[in-house]
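Take the given structure of chain A and dock chain B to it, following the hints.
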Amino acid sequence: MMMEETKKQDNFLQLKDITTTFGSIVALNNVNFSVKKGEVVCLIGPSGCGKSTLLRTANWLTPPDKGTVSLDGVLVGSESNKNMNLNEMKVLNGIRARMGMVFQQFNVWPHLDALENVVRAQLVVAKRSREEAEKKATKMLFDVGLGEKIHDWPDNLSGGQKQRLGIARALAMDPVLMLLDEPTSALDPELVSEVLNVLKRLANEGMTMIIVTHELGFASQVADRVAFMEDGKIIEEGPPNVILKSPKTQRLRLFLDKLNITSFTPS
Amino acid sequence: MALDFSIFVEYGPRLLMGFWLTIKIVIAAIILGMPWGLVLALGRRSRFLIPRLAATSFVEIFRNTPFIIQVFLFFYVLPFYGIRFPAEYVGTLALAAFGSAYFAEIIRGGIDAVSKGQLESARAIGMSDWQAMKNIVLPQTLSIILPPLTNQTLSLIKESAILSTITVNELTMSGIRVQGEIFRPFEVFIMVALLYWGFNESIAFLMRKIERKANKARTSNQNIAGKTTSISRGASR
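Just so you know, the protein sequences line up as chains A and B, in that order. Read left to right, the first sequence gives residues 1 to 267 (our numbering). Read left to right, the second sequence gives residues 268 to 504 (our numbering).
Looking at chain A on its own, in the form it has when it is part of the complex (with noise of 0.2 Å):
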């Protein structure tokens, strides 16, 4: 592989000094963080640490105060293009139908069926026709196993069908990146793995993924790199193996700790 075109896949996502601070509060202070193609990151850390805040930056919903991010070598956003005007934000959205995001609440659009969730970025976004779109819609629904459900409202599906739906809504989009804020903290207990599953079988077709989450079990399985975020920085990142079984940092360790506390189970 040519010199240049490795290094172009080092950063295929590219986070750049990025410094986010809301009021007093600094969300996000000066972090540098880039993902290969083909990556799965796993964001872990303890909550209000910055890491879904990393996430929204990702895909410009939360601007940062200083800092860059390119995808692909295409620039998403710069400080100094803060107030976009009508043609930048164009580009902008074009790059974001490109970046599939899926959030704790899922976000499904209630007054619109399954089906029509997943079909109208299609029509409106990508301009896809209506039989494009649909034929699409429908072979993703049926891929996240909502095959049966596609002309259920969403107040009909149950937390894990929602936020499989929500996946199946940014898949339909071709991304080439898929972000992910909790997607299963939102969810009972017996249906977080519905949805894993889902994600895991994604993380094996290669696509490159972000994902905020708590479950170590499910990160040590998919992730090939985990970070660990604390008060606005990334103070630890490497393997799965590596970062979840010896920790170099305090920190992480007290972190780590506590989670298997809540985590324990009696035999």
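Treat the hints with caution; some may be incorrect.
[To be verified] Here are the simulated BS3-like pairs of lysine-lysine, each with C-alpha atoms no more than 25 Å apart in a straight line: (1) A:K135 <-> A:K149; (2) A:K136 <-> B:K401; (3) A:K200 <-> A:K37; (4) A:K36 <-> A:K149; (5) A:K127 <-> B:K291; (6) A:K66 <-> A:K90; (7) A:K233 <-> A:K149; (8) A:K233 <-> A:K66; (9) A:K149 <-> B:K480; (10) A:K245 <-> A:K200; (11) A:K149 <-> A:K139; (12) B:K291 <-> B:K425; (13) A:K90 <-> B:K383; (14) B:K401 <-> A:K135; (15) A:K90 <-> B:K401; (16) A:K37 <-> A:K233; (17) B:K480 <-> B:K401; (18) A:K139 <-> A:K127.
Think of the hints as simulated: they come from the structure by calculation, not from any bench.
This is chain B only, laid out in the frame that chain A set:
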């Protein structure tokens, strides 16, 4: 005093003419005022300062001054700038402007009531602000804003009586004129009131039907499940 309703054989048609004009004015004011109200509501949430300021000023001025003063200003001031319309047109315009300020606030409230995640998920998938509004947010506001929209429409019908002060020969004005000729205030104004009441009831009936239709779409095959999810949705965040 004995009521004599036989006067309406002769004078009824004049009241009905006035009534017809009232209907036309109100419907025109709604057709103009609602889309303009939507524009104002979107203007108030614009990320650009000028549309935000313009929309806010418009709403605040028309919401916080008496309608009768607005009507006088439209009627007496516009001609100074060479803008001359028949009184009915000026009255319709004034009513539309007044109504739109309220419609704008109702629509804005509806938009705010839709959870923020809805707009976010639409933006995250690549929709522009307007596409997200049109496809995702506004359809969800419909069932929220219909009841207050009905209220505002009914009050607009009643406010239209004020247009009698600028010589518009609508229902109230026709009543005043007929009573001036035959001195039967009881019969005339009872009839005028009945006509307004009938108009309002019909509009209210119509809106209730639309409301039911708007709600039906999503509630037809949802019952308890729908209720629990809307509660948990409210509790989250």
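*asked:* I'd like to know which numbered hints this structure contradicts. Please list them from smallest to largest.
replied: Structure breaks hints 4, 5 and 7.
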